[in-house]
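There are 2 protein chains.
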Amino acid sequence: MPLDPKFHEIMRQNPLFKDLSDSAFLRVTEHTSHCELKTDEVLFRQQEPATDFFMLLTGKMKLSLLSFEGTEKVVDIINPVNTFAEAIIFRGIPGYPVNAEALSDTTVLRIEAATYIETLENSPKVCFKVMAALSVRIHWLMNELDRLSLHNATYRLITYLLETVPEDIETPTEVHLSVPKHVIASRISVTPETFSRTLKGLSKQGLVTIHNSHLVLNNPAELRKMVSI
Amino acid sequence: MPLDPKFHEIMRQNPLFKDLSDSAFLRVTEHTSHCELKTDEVLFRQQEPATDFFMLLTGKMKLSLLSFEGTEKVVDIINPVNTFAEAIIFRGIPGYPVNAEALSDTTVLRIEAATYIETLENSPKVCFKVMAALSVRIHWLMNELDRLSLHNATYRLITYLLETVPEDIETPTEVHLSVPKHVIASRISVTPETFSRTLKGLSKQGLVTIHNSHLVLNNPAELRKMVSI
DNA sequence: ATTTGTCCTTGATGTTTATCAAGCATTGAT
DNA sequence: ATCAATGCTTGATAAACATCAAGGACAAAT
Numbered sequence: 001m002p003l004d005p006k007f008h009e010i011m012r013q014n015p016l017f018k019d020l021s022d023s024a025f026l027r028v029t030e031h032t033s034h035c036e037l038k039t040d041e042v043l044f045r046q047q048e049p050a051t052d053f054f055m056l057l058t059g060k061m062k063l064s065l066l067s068f069e070g071t072e073k074v075v076d077i078i079n080p081v082n083t084f085a086e087a088i089i090f091r092g093i094p095g096y097p098v099n100a101e102a103l104s105d106t107t108v109l110r111i112e113a114a115t116y117i118e119t120l121e122n123s124p125k126v127c128f129k130v131m132a133a134l135s136v137r138i139h140w141l142m143n144e145l146d147r148l149s150l151h152n153a154t155y156r157l158i159t160y161l162l163e164t165v166p167e168d169i170e171t172p173t174e175v176h177l178s179v180p181k182h183v184i185a186s187r188i189s190v191t192p193e194t195f196s197r198t199l200k201g202l203s204k205q206g207l208v209t210i211h212n213s214h215l216v217l218n219n220p221a222e223l224r225k226m227v228s229i
Numbered sequence: 001m002p003l004d005p006k007f008h009e010i011m012r013q014n015p016l017f018k019d020l021s022d023s024a025f026l027r028v029t030e031h032t033s034h035c036e037l038k039t040d041e042v043l044f045r046q047q048e049p050a051t052d053f054f055m056l057l058t059g060k061m062k063l064s065l066l067s068f069e070g071t072e073k074v075v076d077i078i079n080p081v082n083t084f085a086e087a088i089i090f091r092g093i094p095g096y097p098v099n100a101e102a103l104s105d106t107t108v109l110r111i112e113a114a115t116y117i118e119t120l121e122n123s124p125k126v127c128f129k130v131m132a133a134l135s136v137r138i139h140w141l142m143n144e145l146d147r148l149s150l151h152n153a154t155y156r157l158i159t160y161l162l163e164t165v166p167e168d169i170e171t172p173t174e175v176h177l178s179v180p181k182h183v184i185a186s187r188i189s190v191t192p193e194t195f196s197r198t199l200k201g202l203s204k205q206g207l208v209t210i211h212n213s214h215l216v217l218n219n220p221a222e223l224r225k226m227v228s229i
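Going down the list, the sequences are from chains B and U. With the numbering used here, letter number 148 in the first sequence gets 148, and the count goes up by one each step, no holes. With the numbering used here, letter number 213 in the second sequence gets 213, and the count goes up by one each step, no holes.
Derived by calculation from the structure, the hints in this document are not laboratory data. Check each hint, because a few of them may be wrong.
As a list, the in silico EDC-like pairs of lysine to aspartate or glutamate whose alpha-carbon atoms are at most 20 Å apart [what the hints assert, rightly or not]:
1. U:K129 <-> U:D22
2. U:K129 <-> B:E118
3. U:K73 <-> B:D146
4. U:K129 <-> B:E121
5. U:K73 <-> U:E193
6. U:K200 <-> U:E222
7. B:K125 <-> U:E121
8. B:K181 <-> B:E41
9. U:K125 <-> B:D19
10. B:K60 <-> B:E36
11. U:K18 <-> B:E193
12. B:K125 <-> U:D19
13. B:K129 <-> U:E118
14. B:K73 <-> U:D146
15. B:K73 <-> B:E121
16. B:K125 <-> U:E118
17. U:K181 <-> U:E163
18. U:K125 <-> B:E163
19. U:K38 <-> U:D76
20. U:K225 <-> U:D146
21. B:K181 <-> B:D76
22. B:K73 <-> B:E193
23. U:K125 <-> U:E193
24. B:K18 <-> U:E121
25. B:K18 <-> B:E36
26. B:K129 <-> B:E41
27. B:K60 <-> B:E163
28. U:K125 <-> B:E121
29. B:K129 <-> U:E121
30. B:K60 <-> B:E72
31. U:K62 <-> B:D146
32. U:K181 <-> U:E193
33. U:K73 <-> U:E118
34. U:K129 <-> U:D19
35. U:K129 <-> U:E118
36. U:K125 <-> U:D146
Construct all of the structure, not just a fragment, from the sequences and the given hints.
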């Protein structure tokens, strides 16, 4: 079934679709479907055959890895209106490399990879957009590696918090944790207990004020200095 | 100066150049130069303007990040005949994201990014190869992230050792550590001291035998089981 | 109103790994 | 032959973080 045209505009804003010709774009949308997920519902699992990639419209998704002991590591938290799993398109390997699960009720667009690839074959311009997107991803991952291996829990928490506010903010800023704390804990690779204690540590230093999921960064400049961004 | 034709064949074997037309390839080689580095010599530093990417012909290179405290983390060890820093091509950001330093006397080819980009604009087929290469990189990085955040020093050492031997080996196998131990230590994110102790631990269990830089993996199957690959 | 469940916090304890300090082996230079 | 210099190992100690166990806050269900 072809996609409801009301979604066309939002798709077009994404770099992966922006430079497609109208006819190519329509061909893609004909192989795109709309998909609703309830909280905790699984979109796909590690190793499952990967035939589609996705664009998140509303809600939150988490991408996670499962170790063989069964412990889970949240690799990324996806927000609207980003695409995810697009890197699978070009791999020889057929399976998804992560699990994708809804953190809240969500809507996603499911885009057939094969169709999209066909359209790319006729458009070097879009290829460049894709390559740029992949490169951004690579540098994000390198950044993650850096932050995991070079730094401690406090550092990782602060950088996580600062990612959610504009770069130039100097005055006290509210931050609402829109996903459960234990998910953020996994995302920055600490246990929920350590997360709680680390956040409390920042609070004792007067750097943040805590009201449940509602935080105030009292001194963004000082926080930035602590991680020297 | 154009590149000595004796290097053409080896370049052609790399996926980034394999599917270029002859004329396009020649244009690239005209903007490629040959470059010799002594041990410890720096090829480029983090933040330096990135105008070229590279292909390693002989020797070893290390790519590393420097934290603001001055500690170094080896992100990757490059072997012949791989390209590196190719992801910079498509980024908006102008600087290299890592440092590149020779671990031994090396020779590299320096390829002008702008010229290469021009050739891509005319060849969707090569674009696909590049996208595939970038995707492989992404999945390698996700694997790294997994191994750093889900596992301990022993696990990381074992996977490092197993990466150097064929997948199906069951009998005792020699492994020669071709780079200094402290570099490997940084690569798997432990201190040299921990590296030494961890390796000794494996030795005490009879899993490896140590003769300086020369190791024997006595039971690859058991090692593989321990990390359950 | 009580119960149940989820999520978070807190404290006590244990493990892993880093840090500091010293010593040993090898190499190259004087 | 002796003297650094380098890279590795080893031991003692400390820090960071995980684990285990218990309890509190809050919301939904009964």
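Verification of the hints:
1. Proposed proximity of U:K129 and U:D22 is supported: the alpha carbons are some 17 Å apart, at most 20 Å.
2. With a CA separation close to 14 Å, the supplied pair U:K129 and B:E118 stays within the 20 Å bound.
3. The hinted pair formed by U:K73 and B:D146 meets the criterion: a straight-line CA distance of about 8 Å does not exceed 20 Å.
4. In summary, the hint linking U:K129 to B:E121 is supported, as the alpha carbons are separated by about 12 Å, within the 20 Å threshold.
5. Of the pairs offered as hints, the one joining U:K73 and U:E193 holds, with about 15 Å between alpha carbons and a cut-off of 20 Å not exceeded.
6. Of the pairs offered as hints, the one joining U:K200 and U:E222 holds, with about 17 Å between alpha carbons and a cut-off of 20 Å not exceeded.
7. Using a Cα cut-off of 20 Å, the hinted pair B:K125 and U:E121 holds, with the two alpha carbons roughly 7 Å apart.
8. Among the hinted pairs, B:K181 with B:E41 is consistent with the structure: their alpha-carbon atoms are about 19 Å apart, no more than 20 Å.
9. The hinted pair formed by U:K125 and B:D19 meets the criterion: a straight-line CA distance of about 18 Å does not exceed 20 Å.
10. Between B:K60 and B:E36 the alpha-carbon distance is near 12 Å, which keeps this suggested pair within the 20 Å criterion.
11. Distance hint between U:K18 and B:E193 is unfulfilled; the C-alpha atoms sit about 52 Å from each other, more than 20 Å.
12. In summary, the hint linking B:K125 to U:D19 is supported, as the alpha carbons are separated by about 18 Å, within the 20 Å threshold.
13. With a C-alpha separation of about 15 Å, the suggested pair B:K129 and U:E118 falls inside the 20 Å cut-off, and the hint holds.
14. Restraint check for B:K73 and U:D146: the C-alpha separation of about 8 Å stays at or below 20 Å, so the hint holds.
15. Our distance criterion of 20 Å between C-alpha atoms is broken by B:K73 and B:E121, whose separation comes to about 36 Å.
16. The hinted pair formed by B:K125 and U:E118 meets the criterion: a straight-line CA distance of about 11 Å does not exceed 20 Å.
17. Restraint check for U:K181 and U:E163: satisfied, since their Cα atoms lie roughly 16 Å apart, inside the 20 Å limit.
18. The hinted pair formed by U:K125 and B:E163 fails the criterion: a straight-line CA distance of about 37 Å is larger than 20 Å.
19. For the hint pairing U:K38 with U:D76, the CA-to-CA distance comes to about 19 Å; that is within 20 Å, so the pair holds.
20. With a C-alpha separation of about 17 Å, the suggested pair U:K225 and U:D146 falls inside the 20 Å cut-off, and the hint holds.
21. As the CA atoms of B:K181 and B:D76 are separated by approximately 14 Å, the hinted pair is consistent with the 20 Å bound.
22. For the given pair, B:K73 sits about 15 Å from B:E193 by alpha-carbon distance, which is consistent with the 20 Å threshold.
23. For the suggested pair U:K125 and U:E193, the alpha carbons sit about 48 Å apart, so the restraint of at most 20 Å is broken.
24. For the hint pairing B:K18 with U:E121, the CA-to-CA distance comes to about 17 Å; that is within 20 Å, so the pair holds.
25. For the given pair, B:K18 sits about 24 Å from B:E36 by alpha-carbon distance, which is inconsistent with the 20 Å threshold.
26. For the hint pairing B:K129 with B:E41, the CA-to-CA distance comes to about 31 Å; that exceeds 20 Å, so the pair is violated.
27. The suggested pairing of B:K60 with B:E163 holds, with an alpha-carbon distance near 16 Å, which does not exceed 20 Å.
28. Distance hint between U:K125 and B:E121 is fulfilled; the C-alpha atoms sit about 7 Å from each other, no more than 20 Å.
29. Distance restraint check for B:K129 and U:E121: the Cα-Cα separation of roughly 12 Å lies within the 20 Å cut-off, and the hinted pair is therefore satisfied.
30. Under the criterion of a C-alpha separation no larger than 20 Å, the hint pairing B:K60 with B:E72 is consistent with the structure, at around 17 Å.
31. With a C-alpha separation of about 15 Å, the suggested pair U:K62 and B:D146 falls inside the 20 Å cut-off, and the hint holds.
32. Straight-line distance between C-alpha atoms of U:K181 and U:E193 comes to about 10 Å, which keeps the hinted pair within the 20 Å bound.
33. Simply put, U:K73 and U:E118 have alpha-carbon atoms about 34 Å apart, too far for the 20 Å limit, and the pair is violated.
34. Annotation: proposed proximity of U:K129 to U:D19 holds, straight-line Cα distance about 8 Å (limit 20 Å).
35. The straight-line distance between the Cα atoms of U:K129 and U:E118 is roughly 16 Å, inside the 20 Å bound, and the hint therefore holds.
36. Simply put, U:K125 and U:D146 have alpha-carbon atoms about 32 Å apart, too far for the 20 Å limit, and the pair is violated.
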